[in-house]
Structure formats: C-alpha cells, structure tokens
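S.K.: In case you want the letters, here they are:
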Amino acid sequence: MGKKQTKQRTVLDGSRLIVESCVRAGAEVYVGYPITPANYIYQYSSQRFPSILHAPDEITTLQWMAGLSATGLLPVTATAFPGLALMVESINMAFMMELPMLIVLVQRLGPSTGSATVGAQGDLLLLRGLISGGYPLPVLAVSDFGDCWELPSLALRLAVSLRSPVVLLTSKEMAMTQRSFDLDLLTEIEPVQWRFYTGQERYRPYATDGGLAPPFLPIGNDRHQVRLTASTHNAEGELLSADEEALENTRRLQKKIETGTPAYYELDEQEGAEAVIVSYGITAYAAREAAVKLRAQGMPVSLLIAKTLLPVPAVYYDILERYRRIVIAEENLQGQMAQILFGYRLPDRVRLAHGIGRLVHPDQIIREVTGS
Amino acid sequence: MSSSFLIKKPGFCARCGHYATVGSTGRALKALGVEPHDVVVVTDIGCLGIIDKSLSTHTIHGLHGRSVALGVGLAMGLPPHKKVIVFIGDGGATIGLQHLLEAARRNVNMTVIVYNNMLYGMTGGQPSGLTPRGFVTRLTPAPEGSKQEPYDLCGLLHQARAAYVHRVTSEDKGELVRAIKAALETEGFALVEVLEWCTGRNPGVREKKTAQLNAELKEWADRSRWALGPQHNPPRPNFSLDRSDKPSLLEGLALRPRFRSSLTRPLALVLGGRAGGRIRSAAAYLSRGAVLSGLQVTQRNSYPVTVESGHSVSEVILSPDEIFYMGIDKPDIVIVLFKECLPHIHSRLMRLTEQDTLYVNAALWENGLLPTEIRARTVLLDFRRKSGFAERYWGVMALAEVLRHSQLYDLEAFKEAVSLRKRFAPENLAAIEASEGLAVAV
Numbered sequence: 247m248g249k250k251q252t253k254q255r256t257v258l259d260g261s262r263l264i265v266e267s268c269v270r271a272g273a274e275v276y277v278g279y280p281i282t283p284a285n286y287i288y289q290y291s292s293q294r295f296p297s298i299l300h301a302p303d304e305i306t307t308l309q310w311m312a313g314l315s316a317t318g319l320l321p322v323t324a325t326a327f328p329g330l331a332l333m334v335e336s337i338n339m340a341f342m343m344e345l346p347m348l349i350v351l352v353q354r355l356g357p358s359t360g361s362a363t364v365g366a367q368g369d370l371l372l373l374r375g376l377i378s379g380g381y382p383l384p385v386l387a388v389s390d391f392g393d394c395w396e397l398p399s400l401a402l403r404l405a406v407s408l409r410s411p412v413v414l415l416t417s418k419e420m421a422m423t424q425r426s427f428d429l430d431l432l433t434e435i436e437p438v439q440w441r442f443y444t445g446q447e448r449y450r451p452y453a454t455d456g457g458l459a460p461p462f463l464p465i466g467n468d469r470h471q472v473r474l475t476a477s478t479h480n481a482e483g484e485l486l487s488a489d490e491e492a493l494e495n496t497r498r499l500q501k502k503i504e505t506g507t508p509a510y511y512e513l514d515e516q517e518g519a520e521a522v523i524v525s526y527g528i529t530a531y532a533a534r535e536a537a538v539k540l541r542a543q544g545m546p547v548s549l550l551i552a553k554t555l556l557p558v559p560a561v562y563y564d565i566l567e568r569y570r571r572i573v574i575a576e577e578n579l580q581g582q583m584a585q586i587l588f589g590y591r592l593p594d595r596v597r598l599a600h601g602i603g604r605l606v607h608p609d610q611i612i613r614e615v616t617g618s
Numbered sequence: 555m556s557s558s559f560l561i562k563k564p565g566f567c568a569r570c571g572h573y574a575t576v577g578s579t580g581r582a583l584k585a586l587g588v589e590p591h592d593v594v595v596v597t598d599i600g601c602l603g604i605i606d607k608s609l610s611t612h613t614i615h616g617l618h619g620r621s622v623a624l625g626v627g628l629a630m631g632l633p634p635h636k637k638v639i640v641f642i643g644d645g646g647a648t649i650g651l652q653h654l655l656e657a658a659r660r661n662v663n664m665t666v667i668v669y670n671n672m673l674y675g676m677t678g679g680q681p682s683g684l685t686p687r688g689f690v691t692r693l694t695p696a697p698e699g700s701k702q703e704p705y706d707l708c709g710l711l712h713q714a715r716a717a718y719v720h721r722v723t724s725e726d727k728g729e730l731v732r733a734i735k736a737a738l739e740t741e742g743f744a745l746v747e748v749l750e751w752c753t754g755r756n757p758g759v760r761e762k763k764t765a766q767l768n769a770e771l772k773e774w775a776d777r778s779r780w781a782l783g784p785q786h787n788p789p790r791p792n793f794s795l796d797r798s799d800k801p802s803l804l805e806g807l808a809l810r811p812r813f814r815s816s817l818t819r820p821l822a823l824v825l826g827g828r829a830g831g832r833i834r835s836a837a838a839y840l841s842r843g844a845v846l847s848g849l850q851v852t853q854r855n856s857y858p859v860t861v862e863s864g865h866s867v868s869e870v871i872l873s874p875d876e877i878f879y880m881g882i883d884k885p886d887i888v889i890v891l892f893k894e895c896l897p898h899i900h901s902r903l904m905r906l907t908e909q910d911t912l913y914v915n916a917a918l919w920e921n922g923l924l925p926t927e928i929r930a931r932t933v934l935l936d937f938r939r940k941s942g943f944a945e946r947y948w949g950v951m952a953l954a955e956v957l958r959h960s961q962l963y964d965l966e967a968f969k970e971a972v973s974l975r976k977r978f979a980p981e982n983l984a985a986i987e988a989s990e991g992l993a994v995a996v
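Chains as they are written, first to last, in my numbering: chain B, 247 to 618; chain Y, 555 to 996.
Check each hint, because a few of them may be wrong.
Straight line, CA to CA, 30 Å or less: simulated BS3-like cross-link-like pairs of lysine-lysine [as the list claims (entries may be wrong)]:
#1 B/Lys-539 x Y/Lys-884
#2 Y/Lys-976 x B/Lys-253
#3 Y/Lys-563 x Y/Lys-800
#4 B/Lys-501 x Y/Lys-607
#5 Y/Lys-727 x Y/Lys-584
#6 Y/Lys-800 x B/Lys-253
#7 Y/Lys-969 x B/Lys-253
#8 Y/Lys-607 x Y/Lys-800
Output of the computed footprint for chain Y on chain B, the stretches with three or more beta carbons under 8 Å from beta carbons of chain Y [stated by the list, open to error]:
#9 305 to 314
#10 422 to 432
#11 582 to 591
#12 603 to 614
Some residues of chain B that are not near chain Y, with every Cβ distance over 12 Å (derived) [what the hints assert, rightly or not]:
#13 Pro-283
#14 Thr-363
#15 Gly-375
#16 Asp-390
#17 Leu-458
#18 Arg-469
#19 Leu-493
#20 Ile-528
#21 Ala-533
#22 Ala-536
#23 Val-538
#24 Gly-617
None of these hints come from the bench; they were simulated from the model. Nothing here was measured: the structure is a model prediction, and the numbers come from that model. We put the CB at the ideal spot given by N, CA and C, even for glycine.
Extracted from the complex, chain B is given alone in its bound form (with noise of 0.2 Å):
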C-alpha cells in the first residue's frame, strides 16, 4: 500500500509533460525537425499544439521560429546536441534580435552523433559558450517531473519577459522514461502575457527606457515601422558598427540577461551539515536518494537542485561558501556544471560524482561525500 493515498495517479514521461505546460503557458507554434532522444516531445507537440509545423532542417526551424516570433507568436522547438549545432547562429541572431522563443534541448551521449539512445548531461559548456561574444542564454534545468509541469512555463515567460531565447535542459532519461506522477499535484498554470508596445509616438524597437528588454511589437503591424537586426544595431534597429550608442546596446544585453534571470533552485539544508550534495537534470535524482541514505544513516547532508543554470546565479556562491565539502553531480566526463562554478581546477574542497554512458548512482555521490 502506497503511503500517500492519491485519488488520480498515471504513468507518463516527462516529455508529454513538457509539451502540455508549453501549451497551456500559451506557446502557440511548434516547429519540428525529427532527432532522437527528443522525438516524443516532437509527436506529443503534434497532438497538442494549435500549430505544427515540419521543418526541413534545424537551421530551418530556427529561422522559420525567428520570423514567427517576429509577429508575435511563441514557438517551441526540441532537439539534441546535433540539432543544436546547426542552430547555433540562428540562437545568436534571435538573441540579437531580441525574439522570444523556446528550446528544448534533450542531451544525448557525444562526442558527435555519439549514442543517440543514451542519456547525457554534456552540453552545459556548449550552452555556456553560445553566444559570441560570451555573452548569457538563459538555461534552466529540470529536475523531475514536477519542473517539467513547472519549468517551461517559467520559461517561456522569461522568454516574453526578457524577449530572449530561453533554452530548457533535459536529456534522454527524463524526456522518455516512465514514471508514476500524482496528477493532483499539478498547479494552474497562467497563460504567459504578452504585452506589445501601445504608444502613439513612433516605434524604437530597442529603445528600453531605462528598463531591461525594449517593448515588444509585431512586425508587420499597421501602426507603426518595426526595423529588426542581428548585426550591432542602435535603438532604433539601424545597423551601425562600433558606434558607441550601438555598443551600448550590445552591453544591454549582457546585462539584461545577467540581471533578469531568476534564481531557480531547491534547498535543503541540514543542520550540522559539513557536505551538500550540488546536481541538476537527470543526476538530481540520484542525488535525492543519496541524500535520503545518508540522513537514514545518521549523517547530515544538505542538497542543492540548481534549476537556473546560466547565467550562474550568485546565490550559488553564497549557499556554497557555507560547507567544508560541495559534492557535484552531473553525468558527464569533466565536471561541466563544478567547472563553471569553479574553473578548470577545482579547489580541494570540491568532489566530483560523475561519469559517461550511464545515469551517476547514488552511491557514487555517497563516496564522495563520505571518503576521506
């Protein structure tokens, strides 16, 4: 007898729940281009989204999201690192151009093709690095089935929000696995608002007063000229060079991205903890269970599920400072997450629970919190 007695329970995977929050947060066009392990998300989009569209490529779909998201609609894409290569200079010229959209990026074990059918937590580096320049894409993580209910609509929002690319990180193991999931748990979910531009005077599409992001109109409107721009650009879209009003622009975006992503995150400090546990994505929930253990052993541990990836929040820091030893979990080969938080070389204090071509175990992160 299960100790929790719900009324509605069903089994399902984290896609189907990615696909119908997308919707109900008010994403109005997927655009598809086939990929292994992202394809559920692909054929659930079909089924639920008012509109679907089956892109030749990946360069395509971001191109054709680009121009959708210009006329004020909100689309969706899924896609594996493959995919996502191919998409790199289309993100950057979205961000430049400052149009909101949503990706989902579902990892897969590389180098290259790699495993297709295999789960990974490698491209956080890849994400970190995306925009020339340096400059942030917002990237959350989900965790377990609750944040895929919870995180695209986040999402999607900061993407209206911040009229940014946001990228949602998952991989093969949370996109496709099965798992039971307490229905009543789900929260309303409120269709993102997407406020336009409304004023008389003539339209600067980025122009911010004094805000992050510049009001946003469709182009293509009756009222007022909309100019758009993936090359460095002043307030009023003109195409300028190293023109200092135009640097400022570019500056903005920096600092737009850097200051208006949230802090998502889970926290469960113990008291008397020396060690917390630090993972996101799939590997968080094997962290949990180690947690678990190490508390039904008598040993204190505090947890850290980063949901907010990029830009790092400071937060972080600040949590992280409070322990003699930070365990971080993530399924890939160097640490990726431990080396954005702390460089190539990580301080003694830091261990790393990690590894390639299978989901981490709990008892690995135990080690490491336990060993000498």
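Starting from the structure of chain B, add chain Y where the hints point.
M.R.: Here is chain Y on its own, set in the frame of chain B:
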C-alpha cells in the same frame, strides 16, 4: 497612392545594379498601391543587406543565406495581405539554396528577389554557385575564369514548383518592374532573378552604356543557358499556418488506485524479449497495474536506434514509496523470453542472488542458452503448452504468471490495466486467462 518605398538614397557603388533592383521594387509596390506598413522586407547579407534604413517598410536583417527561411516564418505569422519581400544575392542563394527550394515546394506566399551579380561582392569577388563558367572573378582569374557551370536558379525553383519565376536583367528597367509587380501579385511563391553587374568588382563596366551592359548580361545568360523571362506553374493553395485547439495530453490518463499491494520495499524487474514482441506494451500494463494498486513505478525501455528493430528490454521498478534513481543494478526478478535480449542483460543476470527469481522461456533453458552460473531460483515458462498464443502475447502471459507467483500486487489490477487499452484488451485478457500454469519451477 502609397508612400515612398525609399526614404534615403542607399550607399551602393556608382552604377551598381542594386539601384535598379531596389528602385524597381519601389515602383512595383507603388504601382500596386501597397502601403509601407503592409510590407516586410527581409534582407540577406551582402551590400544590399544594408538598405534597411533607406526603406519606409518594416525591415528585418538576418543571416547569410537564411533570409528566405526567416521570410517563410514571417509569412506564416502574418495575415495574407501583408507582403513579404526577401532580397538575397547569388551568394546567399548558394548557401541557402535549400531554403529557396523549401519555400517554393510549400508555395509560401512571398516574393524573393535574387540580385545575381555572379560573385560575392562585399567580401572581395569570390565565385558563387551562380558564377557562370568563364566568368572572371578575383579568385577565378583570366583567361579561364570560373571553370564550373552555374546553377540555373529559376529552373531549379520552377522544378520545385514555384508558382512564378522570372529572370531579367537590371538594365532592362521596364521588364524588371513588370517582373517584380507580377511576383508581388502572385498568390504563392514568386522569385525574380535579376542579373546585375557588380561595378565594384568589375570597374570597367562603369564606363559602358546601358545598352551594352544589358547586352553583356544577356550574353552571360545565353552562355549559361539561363532562359530570360517568366515560368509559371499551375495555381495551387498557399502554404499557411493551420491553427486548431486540441485536447489536453493528460486527458484520460488518470488511474484511480483501488487495489492493494503487499509490497513493502522497492522491487526491480527486467523483462527481456525482442523487437516486435510487445515487450514495452507488456511492461506498461505491469506499470499501470502497479499504479492501480497504489504503488509508485518507473519504466525504462531500451530504445534501439532504428525503431522497431534490435533488442527490446524493459526495466521496471515498483515501490510503495517515491522512487528517485531509476537505474537497476541488481534486479529481483528477470524474465527472459527470447535469446536476443541476453547480451543486453547478461551482467544483471550474473548479479542475481539466491533470493531472486529468473523466469525463463523453457525452450531457451533446454537449449542451454543461459549461463549455468546464474544463482537465482529458476522458473520455466513453457509456452509450448499454450501453443494457441503467438509470441506477441508472451510478455503479458509471463507477467500474469509472475503476479500469480510473487503476489507483487493483485492480478485483477493487471487485468484492469490491460482492459484500459481497449483495442488489444480481448486478446490480451484471453492470453492472461490461458497463462495460468505456464510456469514450472525447476
């Protein structure tokens, strides 16, 4: 009358063909009475890409070669009376050829104007896919010039079923305006290829008279077997963005737990079969039956690269409590139906202990296909005694027997899970009934 299309003189080189292309577009729009707010101009990379600020229309300036795809996205998001015009050069058309073919194939309502000056002008005069054989560029010097044949862009697009394509020279001004006007009036995909001179890379042409420039462009067209003039395809519907409300993906998924399970700790089960054996479906019934019994469950399926081929293994964890980590190091129960799964589950078979149970197809066991070192209690499943049931039922039959023997949860819950999938329910339920007595302990 519409307002002026050009509000500033663009800064092209003297006598550049772009002046004619941009000016003729403005004249065509004016002749049609199209207002600037009803036009979105998409510019590709190249000298013409800098005209945005000279235009009174909406403008969007993107990446090299991608402007047609960007234009498709815009055209799909805009009402049909809005005009999407893409300006792209021969270099852009080369790198983004797929986007042009795709837009034509789909008959997207847009006008693409290709300014073909037969080389990359902005970057130094390199040859493109539309550089004629024999044409001299900085990187394909005289006397041979380019050694490759160029694409016949209009021919390709016509083959891709473009509603309207038209090749014209920039020096034939009346014809150019007529071509662009016809393109803008076309319902569907229209492309005008304008043969131009890059006066920056061909300085000699600046001194020549219009008639001579025109004659030389026509000569290059002739040598490249580029037919001048229009080509039509029969009318067909435009590509448009269909919109419809669709039901929730969570509709009809709810299972109301009403059975009981005596399970007090997590239990891991591996079901090994082969592709086409409905292994994943059988495991899904087991998972849903578990949920109907108040349990938590994870089900991780093998996923061959080519769907419907290769191995088929499902890993199921059942637990009275929340399950976090979904990997299985050592199963409590393994079911082996076909030999194809053995390489994939070998290590886990070897980890089984005396407390665990192996259910194995009797035929495999008798043929000695399983490692002899397996320590688990072994139960044979003799499907030969149930010969009325095809292999695709063996998964549910085996699981029904496991439930009868192990009492993970009530067999009735499994039957209810099977019943929920109505299309297959009668046959599966018959198989479950017939499975009783299938298992024989070794």
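S.K.: Hint by hint, say whether it matches the structure.
M.R.: Hints versus structure:
1. B/Lys-539 x Y/Lys-884: Cα-Cα ~18 Å, so holds.
2. Y/Lys-976 x B/Lys-253: holds, 23 Å
3. Y/Lys-563 x Y/Lys-800: violated, 50 Å
4. B/Lys-501 x Y/Lys-607: Holds - the C-alpha atoms of Y/Lys-607 and B/Lys-501 are around 27 Å apart, at most 30 Å.
5. Y/Lys-727 x Y/Lys-584: Measuring from Cα to Cα gives roughly 15 Å; hence the hint holds.
6. Y/Lys-800 x B/Lys-253: holds, 25 Å
7. Y/Lys-969 x B/Lys-253: Holds. Y/Lys-969 to B/Lys-253 sits at ~20 Å (cutoff 30 Å).
8. Y/Lys-607 x Y/Lys-800: violated, 42 Å
9. 305 to 314: It holds, with 8 qualifying residues against the three required.
10. 422 to 432: Answer holds; 7 residues pass the 8 Å Cβ test.
11. 582 to 591: violated (count 0)
12. 603 to 614: holds (count 4)
13. Pro-283: At roughly 7 Å from the nearest Cβ of chain Y, B/Pro-283 sits no farther out than 12 Å, so the non-interface label is violated.
14. Thr-363: Non-interface label on B/Thr-363 violated, nearest chain Y Cβ at 4 Å vs cutoff 12 Å.
15. Gly-375: holds, 19 Å
16. Asp-390: Given a closest Cβ separation of 8 Å, the condition is violated.
17. Leu-458: Given that every Cβ of chain Y is farther than 12 Å from that of B/Leu-458, nearest at about 22 Å, it holds.
18. Arg-469: Nearest chain Y Cβ is 7 Å from B/Arg-469, so the label is violated.
19. Leu-493: Given a closest Cβ separation of 18 Å, the condition holds.
20. Ile-528: violated, 9 Å
21. Ala-533: violated, 8 Å
22. Ala-536: About 8 Å separates B/Ala-536 from the closest Cβ of chain Y, which leaves it inside 12 Å; violated.
23. Val-538: violated, 7 Å
24. Gly-617: holds, 19 Å
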